[in-house]
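Asks: Can you make the complete structure from the sequences, with help from the hints?
Going line by line, the protein sequences match chains A and B. Under our numbering, the first residue of the first sequence carries the number 1, and numbering increases by one thereafter. Under our numbering, the first residue of the second sequence carries the number 484, and numbering increases by one thereafter.
Just so you know, these hints were derived from the structure itself, not from any lab. Take these hints with a grain of salt, some might be off.
Restricting the straight-line Cα-Cα distance to at most 30 Å, the calculated cross-link-like pairs of lysine-lysine (DSS-like) are [claimed, not checked]:
{"#": "1", "chain 1": "B", "residue 1": "Lys765", "chain 2": "A", "residue 2": "Lys81"}
{"#": "2", "chain 1": "B", "residue 1": "Lys681", "chain 2": "B", "residue 2": "Lys719"}
{"#": "3", "chain 1": "B", "residue 1": "Lys727", "chain 2": "A", "residue 2": "Lys81"}
{"#": "4", "chain 1": "B", "residue 1": "Lys753", "chain 2": "B", "residue 2": "Lys812"}
{"#": "5", "chain 1": "B", "residue 1": "Lys540", "chain 2": "B", "residue 2": "Lys765"}
{"#": "6", "chain 1": "B", "residue 1": "Lys706", "chain 2": "B", "residue 2": "Lys694"}
{"#": "7", "chain 1": "B", "residue 1": "Lys694", "chain 2": "B", "residue 2": "Lys616"}
{"#": "8", "chain 1": "B", "residue 1": "Lys753", "chain 2": "B", "residue 2": "Lys719"}
{"#": "9", "chain 1": "B", "residue 1": "Lys765", "chain 2": "B", "residue 2": "Lys708"}
{"#": "10", "chain 1": "B", "residue 1": "Lys708", "chain 2": "A", "residue 2": "Lys81"}
{"#": "11", "chain 1": "B", "residue 1": "Lys706", "chain 2": "A", "residue 2": "Lys81"}
{"#": "12", "chain 1": "B", "residue 1": "Lys608", "chain 2": "B", "residue 2": "Lys540"}
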Amino acid sequence: MKRTFVFLLSLFIFFLFLGFFFSRPTKLESASLTSASATLSNPRLSFYGAVNSGVSAGATAVNIKTSGNYGDKNTNHLFPKDTVAVGPNGNFTVASIVDSDTFMVGTGLSAPASDGDAIYATQSGTLTVAFTTTNAIPANGDVIITIPDPATNGNDGAPDTADSTTNNGFDFNSITTSNITCPTGGSWSVTSATAGSGSGHTVVCTTSSEIAASTTLSIGIGDTAVGLVNPAPIYSGHTQGLADTYTISVQTRDSGDIAIDDIEVKVAPVEAVLVSATVDETLTFQVQGITSGTAACGQTADVTSTAYSIPWGTLSTADTFSNASQKLTVSTNADGGYTVKIEENDQMGKNGVTCVGASAGEANNCIEDTTCSSSSCDQATGYGWTDATTYHGLGYSLANVSGSDASFVYDSDDPCSTSAGAGTFCAKQFADQEVSETKATIMSNNGPVSSKQVYVCYRIAISATQPAGYYYNKVKYTATATF
Amino acid sequence: MRKKLPKKSKPKINVFLLILLVAALFFTIFFIFLSQTQAQNNVPLTVAPARQELLIKPGEKSAVIIKFLNQGTEAVSGNLKVTDFIVEDNEGSPTFLEGPTQLAPRFSAASWVELPYDKITIAPKDKVLIQAKINAPADAQPGGRYIAIYFEPGGTVSESTISANKEAVTPVAIRIAGLVSIRVQGPVEESAYVVQMKAPRFLEYGPIPVKTQIMNRGNYHIKPKGTLSLLSIFGKQIDQQLLKEQNIFPDVARAYDNNLGQKWMFGKYKIELNASYGETGKVLTAVVFTWVFPWRIALIIVLAIIIIILLFALLFHRIRKREEMLEEKVEELEEKLEEKEQ
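Replies: In structure tokens form, the structure reads like this:
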């Protein structure tokens, strides 16, 4: 009897212990997720200041308070083209920053703003949380992400500020499950996207099939339609340029919401840096000499030119063309483009004698500007010049090397144009400044260009009766931006 | 006590020194020659800023900064000058006013400018920064003044040099200029109008080429901002383009070229210019109408429809005829059957 009693007591104690054990199992110690990261597509802190002394409707200058419990107490973190809300006026664009406590909006405010009204420049984007599971997530398990939030107004789309990062956080901006991207692979679905009120916004993604251990998962919160609004700087103890750090909690759970793995990751939104530089409007003009034997404008150069001269040498053969060329290169960032003009001081005169008039010829000891053909070319209108026996003188043609900036081309049909045709040397006269002829544009473009190149091809021919002597004139290129 | 050098080593040293001297001489001459050749063969110059504006009060002294850069590998020397410029064409290309007969006092300011140097030399890969002082006379009239500050290397071959060479030559001068638009403070005349807005009256296909010219009749340059809109006959906006923002010199018209719409268009279209200019936001408007009708395609479609209708009519006619024939045959057979039964 006694033995039986002892046996039964022992059995009772054993089952009591067993029942207690199974009814209150010891919680497993959850492991840590690995390779976890939280990435903000826009890590810039939002701007949160306040109107100082009020702003009238129609005004464009806004002063901000330089003291008080505001995230921003200067304009250092407000940039031109930021979108701001000034009190009741939403969606205004910052035109310029006047000084440390004043900025201008592009158009006058539509309604007055009172002293102390909030000034917001919201920065929002997507938060992407990535991690690798340590233990498997069973079917119907989930991942819960908790994002720090402010105690109040954490879902109104406006950035928030507080005295510390503990009390501050992201604004959920009315994000719904449709703005959440759960991991791909498996059978994931968004269970909830809940705005918090001081204890954190939560996002839950649930899987209907088991996710193996060591699986890399990624969850996106917010999308291009609706983004998570970054907090403004905390108003106490924040140093501009140093990030405010917020902790985001990630936890995997089983179907009974028992934690499996978890980890805390940090995000650190910070003020952006306005990078600005002034780029001068520049114009670069290069003149290059061309060696003899080089082909340009369909001709082979007979003499080697330099940047500063066309040394014809001794023109001993009458009724024969001598050819030379130079290469011009232009680059500019001027939005109006550029022009290069050409002129000559006079026709070529013997020992520099003045060749009076536009067609002073042999009788005046001058090598006249060519008339090209029976059509009579001048500085404005060009024609093919192929007959060295009948048509003597000095002239030029053009060929595009890079781009199409030449004002005419050597192989165009008569009269010279920018379109290639059957011509072989469509030529013009140089604009003679002795008779104030209009300087001719030889290269131009109405926009910014990079390394546009043109050959300027000089041609000269004399008759057998050209008086012997030394002839010269001066040709001048002028490069300017278009006005 | 002095050590005597061995007699055999002396000639060797002399030969070595001679070779060294000859080599040094050769390289010196070579590099001098090389540098001269390169300096003449390639002259790349940059001016910055290529355009700039300055506001000045009558009687005030001010200055503009302009940089000339030598991108080449050899030093470049030349003249530094200032001249007035105007714009004569509708493309905005500046014309320098250099001769005494070309003075335009209305827009002239070259005489107000004092350059620090007449001649400069720019070292290779270096720049020279010029501060041009501008002294506006106390009686200067409000409005625009336009000057160009330019650097002119080369082209300085003297007549004596050319004669000494005894060969024909065409010296080439290069000028690169920065344009300065000076505005004398005070009320300026702002007056502009659309001289021309032209589009073809009829086009087979779009887009519609629109040529516009705006004339500035004020005494300061303007930069109109606006749009060209293409509207359908029902007033629906088909296309809109920004008017290119470009300066218009006083007393000159500036040309604008736009292409509006797509290739496939149909009907009557309205092209509307709405632009503003000046400090007071004066308005420029113009309207032009055009027709776009792809008549060849339309003709082909109409002909195709006619052919299809005719084919259908023919087919219908044949079917009808066949039906009639069949009906006749049936009637005949019925008659024959009736006859047999009787």
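Asks: If a hint holds in the structure, say so; if it doesn't, say that too.
Replies: Evaluated hints:
With a CA separation close to 26 Å, the supplied pair Lys765/B and Lys81/A stays within the 30 Å bound. Taking the CA atoms of Lys681/B and Lys719/B, the gap is about 21 Å. The hint holds against a cut of 30 Å. Taking the CA atoms of Lys727/B and Lys81/A, the gap is about 22 Å. The hint holds against a cut of 30 Å. Among the hinted pairs, Lys753/B with Lys812/B is inconsistent with the structure: their alpha-carbon atoms are about 65 Å apart, more than 30 Å.
With a C-alpha separation of about 24 Å, the suggested pairing of Lys540/B with Lys765/B holds against the 30 Å cut-off. Simply put, Lys706/B and Lys694/B have alpha-carbon atoms about 17 Å apart, close enough for the 30 Å limit, and the pair holds. For the proposed pair Lys694/B and Lys616/B, the alpha carbon gap of about 41 Å is over 30 Å, so the pair is violated. Note on Lys753/B and Lys719/B: the hinted pairing holds, with a Cα-Cα distance of about 10 Å set against a maximum of 30 Å.
Restraint check for Lys765/B and Lys708/B: the C-alpha separation of about 11 Å stays at or below 30 Å, so the hint holds. A distance of roughly 20 Å separates the Cα atoms of Lys708/B and Lys81/A; the hinted pair therefore holds under the 30 Å criterion. Note on Lys706/B and Lys81/A: the hinted pairing holds, with a Cα-Cα distance of about 23 Å set against a maximum of 30 Å. Taking the CA atoms of Lys608/B and Lys540/B, the gap is about 37 Å. The hint is violated against a cut of 30 Å.
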